Amino acid sequence: MDRRESIKSLVLGSLVGGLALESCVSDSKEELTAKVWEHQYGRTPKEQAVDQKLLGEQFFTPHEIETITQLGHLILPPNENGSIIDAGVPEFIEFMAKDYPGFQEPIRGGIMGLDHESNTRFEKVFTSITEEQQKTLLDEIAFPNPELSSTEQPQPIQFFSLVKNLVMTGYFTSAIGIEELGYVGNSPNVWDGVPQDVLDDHGLAYDSEWVTKCVDQEKRNDTAQWDEQGNLIS
Amino acid sequence: MQIIESTKKYDVVIVGSGAGGGMATKVLADSGLKVAVVEAGPYFDPANPEQQTQLKWPHESPRRGANTQRVFGEFDMAYGGWELDGEPYTQVGDSQFDWYRSRMLGGRTNHWGRISLRFGPRDFKGKDRDGLGENWPIGYDDIKPYYDKVDKLIGVFGSKENLPNEPDGFFLPAPKPRLHELYYIKGAKKSNVKVIPSRLSILTKRINNDRGVCFYCNQCNRSCSVYADFSSGSCLIFPAQKSGDQVDLYVDSMVREVLVNDEGKATGVSYINKKDRTENKIFGKVVILAASACSSARILLNSKSKQHPNGLGNNSNMVGKYLHDSTGTDRMAFMPSMMNRKRYNEDGVGGMHIYSPWWLDNKKLDFPRGYHIEVWGGMGMPSYGTGFNVNDLNKYLGIKVGGYGNPLREDIQKFYGSVMGMSGRGEAIAREDNYCEIDPTKVDEFGIPVLRFNYHWSDFERNQARHMHNTFEEIIDNMGGIVLGDKPTAEQNHGLLNPGRIIHEVGTTRMGNDPKTSVVNKFEQLHDVKNVFIVDAGPFVSQADKNPTWTILALAWRTSDFIIQELKKQNI
Numbered sequence: 001m002d003r004r005e006s007i008k009s010l011v012l013g014s015l016v017g018g019l020a021l022e023s024c025v026s027d028s029k030e031e032l033t034a035k036v037w038e039h040q041y042g043r044t045p046k047e048q049a050v051d052q053k054l055l056g057e058q059f060f061t062p063h064e065i066e067t068i069t070q071l072g073h074l075i076l077p078p079n080e081n082g083s084i085i086d087a088g089v090p091e092f093i094e095f096m097a098k099d100y101p102g103f104q105e106p107i108r109g110g111i112m113g114l115d116h117e118s119n120t121r122f123e124k125v126f127t128s129i130t131e132e133q134q135k136t137l138l139d140e141i142a143f144p145n146p147e148l149s150s151t152e153q154p155q156p157i158q159f160f161s162l163v164k165n166l167v168m169t170g171y172f173t174s175a176i177g178i179e180e181l182g183y184v185g186n187s188p189n190v191w192d193g194v195p196q197d198v199l200d201d202h203g204l205a206y207d208s209e210w211v212t213k214c215v216d217q218e219k220r221n222d223t224a225q226w227d228e229q230g231n232l233i234s
Numbered sequence: 001m002q003i004i005e006s007t008k009k010y011d012v013v014i015v016g017s018g019a020g021g022g023m024a025t026k027v028l029a030d031s032g033l034k035v036a037v038v039e040a041g042p043y044f045d046p047a048n049p050e051q052q053t054q055l056k057w058p059h060e061s062p063r064r065g066a067n068t069q070r071v072f073g074e075f076d077m078a079y080g081g082w083e084l085d086g087e088p089y090t091q092v093g094d095s096q097f098d099w100y101r102s103r104m105l106g107g108r109t110n111h112w113g114r115i116s117l118r119f120g121p122r123d124f125k126g127k128d129r130d131g132l133g134e135n136w137p138i139g140y141d142d143i144k145p146y147y148d149k150v151d152k153l154i155g156v157f158g159s160k161e162n163l164p165n166e167p168d169g170f171f172l173p174a175p176k177p178r179l180h181e182l183y184y185i186k187g188a189k190k191s192n193v194k195v196i197p198s199r200l201s202i203l204t205k206r207i208n209n210d211r212g213v214c215f216y217c218n219q220c221n222r223s224c225s226v227y228a229d230f231s232s233g234s235c236l237i238f239p240a241q242k243s244g245d246q247v248d249l250y251v252d253s254m255v256r257e258v259l260v261n262d263e264g265k266a267t268g269v270s271y272i273n274k275k276d277r278t279e280n281k282i283f284g285k286v287v288i289l290a291a292s293a294c295s296s297a298r299i300l301l302n303s304k305s306k307q308h309p310n311g312l313g314n315n316s317n318m319v320g321k322y323l324h325d326s327t328g329t330d331r332m333a334f335m336p337s338m339m340n341r342k343r344y345n346e347d348g349v350g351g352m353h354i355y356s357p358w359w360l361d362n363k364k365l366d367f368p369r370g371y372h373i374e375v376w377g378g379m380g381m382p383s384y385g386t387g388f389n390v391n392d393l394n395k396y397l398g399i400k401v402g403g404y405g406n407p408l409r410e411d412i413q414k415f416y417g418s419v420m421g422m423s424g425r426g427e428a429i430a431r432e433d434n435y436c437e438i439d440p441t442k443v444d445e446f447g448i449p450v451l452r453f454n455y456h457w458s459d460f461e462r463n464q465a466r467h468m469h470n471t472f473e474e475i476i477d478n479m480g481g482i483v484l485g486d487k488p489t490a491e492q493n494h495g496l497l498n499p500g501r502i503i504h505e506v507g508t509t510r511m512g513n514d515p516k517t518s519v520v521n522k523f524e525q526l527h528d529v530k531n532v533f534i535v536d537a538g539p540f541v542s543q544a545d546k547n548p549t550w551t552i553l554a555l556a557w558r559t560s561d562f563i564i565q566e567l568k569k570q571n572i
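In order, the protein sequences belong to chains D and V. At position 174 of the first sequence the residue is numbered 174 (this note's numbering), and the sequence of numbers has no breaks. At position 68 of the second sequence the residue is numbered 68 (this note's numbering), and the sequence of numbers has no breaks.
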């Protein structure tokens, strides 16, 4: 895509974006219903209606989604667990842009700025340059100055940090990301203290007097009974 | 539209179904009285699969747990927040009181921290110690039998410690500390800060066959589907419904005012049915307000009549006054020794396994009253926000911050579970000039005049917050941790959060022996109207550095016993 074409597409993009804000329903009713019913997580009717509305709208243009996706692959390259696509990251970012409209301008404007930089240097938009070229651009915006607060960073750095944060959180809250991170909870279990090898690694130990106050998990199903002084006797 | 009058006549009409309303419902229904419970929100049962959020994964939601819909994250079980659509409130001048409400059966008990602390003997008599505020008209001995009964009925884990102002109770056994909590114990000991097992109303052991035992998912804030934590619906209202046909629930019903007869005695309440937006009346011999401290004050102030032109129970002009919330501020620590942790399930119960009760003598300090320290951290379930600023902590290790690609994977693995935090929660002094009142210029979407707040912290609270940060920094240092963030400055109120942020607001209808300076007597009965009682935290004279729920429950039970006696004696 040459520079003029890319400008044209950006103009079109903003038009599509503008329409999206007016609640453009991209899916058929059936498709939308299926999308909403994927998400069964204890919503009130009012909250469900919000989800339904947002899931029926499209904010980002195809070019923007493609840019987000390519950025996502650079931030977290696919590995043996899967990819950001498998983790639903682009859909998640699309949803968040509508759920938290404060993301819209920084991401949309950030992509335009990125394309401008890419066009200036390589005469193509970001999604059309080589991975090596993409990385030369990222190397300039991926390293915030740790002495400055996040809002004091230059805009291109703020943009990349925002996309990076959303990609990271989208991936590591997905099923494959959670597995990769190694979180093993959210399931019924019995807590009986820190494993001994971990205690040893940290040079820590349970105080024996403290442990006498703790639950004997063998007796957790025996109904509690106390003497008159409040001592547990069951 | 015409006001609809119910033909049913109740013994007791209870407004609100949280801790206080739930307890009154249970005790009064069990005694054979006919009870109506009027709740502003919908019916809620944590075991209902359509409402349940417990054990859901972040990826089951399109926003992965973000807090755009529910302020504590979308899996949190409060249909509420500091801002509610259609239910505004206003401020006097530069006052900034943040008013949290939860509109659902069980109210805020569905998501609260389950920290279930008794007030100690000193907490009822603060004025005797430092001349500030007012003493309660009751003491620890008056309420102790009820704390004991609440412990046994609802269940609370903890440990016998024989501390003078942290009374022991009938405890279930405590869970063992987690790794970050062991580090805290080590650091706190070096600073001579007392640490004991926490006291939370979570069943680490069976107490009856109606409720399950904790299975350690860490999600009490989502309300437990096997009823292993204390929520008012699952532990009080549902059991009360089992005792026959004693309880009628009116949900989605927003109370406007208490109705009175020609003698000025309460006859019932009027409420807005939110579903059809009609105004309704129901009648009872006794009215109990348990709508939360500020909501109950609002109802009283809006209950103006020929007999009570200043609002109900407000001859003293004290309704709404002495509003106070806990003080609060927080700090985080990075623990380099907790990098690259071995993975195992350390979810534990939904809250801390240990805490520090107040441990100092105020004589040498520049603030009155105390605070306790809550501790948090661990390898928690990822949620929206996980992976944000993934390697900012590299700067403490002399490594470059930022980048992209596979190194980020290593960073998130490395830092997972290495950050922990502490929260101080303390006692503010109740003051007459911190109050809520009716704003005559505004109504909510139900046509009910709204509250206006006037609340300012004093140096007592600011100095306390400064002390909290000094303590946090010392403990973090002793743990081998790195304090994150700068110490809040005096201009930042030393990090003291806005009043209302800790959601322990109390005191708006305080109890006392003198009808000129208090709203209710020591049985939470309005001085001015004998058949109206308040069983939320409004009657609290002072907050103590304890969470209010266990005291709300004990007082509500005591008041309910008093109501039963008074009805028998035909005094009300």
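FYI, nobody ran anything at the bench for these hints, they're computed from the structure. The model shown is predicted, which means the values in this text are computed figures rather than measured ones. Certain hints may be false.
Here are some chain D residues the structure puts well away from chain V; computed CB gaps all over 10 angstroms [stated by the list, open to error]:
| no. | residue |
| --- | --- |
| 1 | Ser-28 |
| 2 | Pro-62 |
| 3 | Asn-79 |
| 4 | Ser-83 |
| 5 | Ile-85 |
| 6 | Glu-105 |
| 7 | Met-112 |
| 8 | Gly-113 |
| 9 | Arg-121 |
| 10 | Asn-165 |
| 11 | Ser-208 |
| 12 | Thr-223 |
Here are the simulated lysine to aspartate or glutamate pairs, DMTMM-like style, with alpha carbons at most 20 angstroms apart [to be verified]:
| no. | chain 1 | residue 1 | chain 2 | residue 2 |
| --- | --- | --- | --- | --- |
| 13 | D | Lys-46 | V | Asp-276 |
| 14 | D | Lys-53 | D | Glu-91 |
| 15 | V | Lys-56 | D | Asp-222 |
| 16 | V | Lys-56 | D | Glu-38 |
| 17 | D | Lys-53 | V | Asp-276 |
| 18 | V | Lys-152 | D | Glu-91 |
| 19 | V | Lys-125 | V | Glu-432 |
| 20 | V | Lys-530 | V | Asp-252 |
| 21 | D | Lys-219 | V | Asp-210 |
| 22 | V | Lys-152 | D | Asp-222 |
| 23 | V | Lys-186 | D | Glu-105 |
Idealized CB from N, CA, C, for every residue including glycine.
Hints and how they fare:
Listed as a non-interface residue, Ser-28 (chain D) keeps its Cβ farther than 10 angstroms from every Cβ of chain V; the least gap is roughly 19 angstroms. With a least CB separation of 20 angstroms from chain V, Pro-62 (chain D) remains clear of the 10 angstroms interface cut-off, as annotated. Not every beta carbon of chain V lies more than 10 angstroms from that of Asn-79 (chain D), the smallest distance being close to 8 angstroms; the non-interface claim is violated. In this structure Ser-83 (chain D) is separated from chain V by more than 10 angstroms, as the shortest Cβ-Cβ distance comes to about 13 angstroms.
Distance to chain V confirms Ile-85 (chain D) as a non-interface residue, since its nearest Cβ pair spans about 14 angstroms, more than 10 angstroms. Once the 10 angstroms rule is applied to beta carbons, Glu-105 (chain D) is consistent with being away from chain V; the minimum gap is 17 angstroms. Residue placement check: Met-112 (chain D) keeps its beta carbon more than 10 angstroms from all beta carbons of chain V (closest about 20 angstroms). The non-interface label for Gly-113 (chain D) is consistent with chain V: the shortest C-beta to C-beta separation is roughly 17 angstroms, beyond 10 angstroms.
Distance to chain V confirms Arg-121 (chain D) as a non-interface residue, since its nearest Cβ pair spans about 18 angstroms, more than 10 angstroms. Annotated as non-interface, Asn-165 (chain D) brings its C-beta within 10 angstroms of a C-beta of chain V; the closest such distance is 4 angstroms. Every Cβ of chain V is farther than 10 angstroms from the Cβ of Ser-208 (chain D); the closest lies at roughly 12 angstroms, confirming the non-interface assignment. The claim that Thr-223 (chain D) lies off the interface is violated: its Cβ sits roughly 5 angstroms from the closest Cβ of chain V, which falls inside the 10 angstroms cut-off.
With a C-alpha separation of about 16 angstroms, the suggested pairing of Lys-46 (chain D) with Asp-276 (chain V) holds against the 20 angstroms cut-off. Between Lys-53 (chain D) and Glu-91 (chain D), the direct Cα distance comes to roughly 15 angstroms. Compliance with the 20 angstroms bound is thereby established for this hinted pair. Taken as a hint, the Lys-56 (chain V) and Asp-222 (chain D) pair is broken in the structure, with Cα atoms around 29 angstroms apart against an allowance of 20 angstroms. Between Lys-56 (chain V) and Glu-38 (chain D) the alpha-carbon distance is near 13 angstroms, which keeps this suggested pair within the 20 angstroms criterion.
Between the alpha carbons of Lys-53 (chain D) and Asp-276 (chain V) the distance comes to roughly 24 angstroms, so the proposed pair goes past 20 angstroms and is violated. Using a Cα cut-off of 20 angstroms, the hinted pair Lys-152 (chain V) and Glu-91 (chain D) is violated, with the two alpha carbons roughly 49 angstroms apart. Of the supplied pair hints, the one linking Lys-125 (chain V) and Glu-432 (chain V) holds, its CA atoms being roughly 18 angstroms apart against a limit of 20 angstroms. As the CA atoms of Lys-530 (chain V) and Asp-252 (chain V) are separated by approximately 28 angstroms, the hinted pair breaks the 20 angstroms bound.
For a cut-off of 20 angstroms, the pair hint linking Lys-219 (chain D) to Asp-210 (chain V) stands: about 18 angstroms separates their Cα positions. For a cut-off of 20 angstroms, the pair hint linking Lys-152 (chain V) to Asp-222 (chain D) stands: about 15 angstroms separates their Cα positions. As the CA atoms of Lys-186 (chain V) and Glu-105 (chain D) are separated by approximately 48 angstroms, the hinted pair breaks the 20 angstroms bound.
Violated hints, listed in ascending order, are 3, 10, 12, 15, 17, 18, 20, 23; each of the other numbered hints is respected by the structure.
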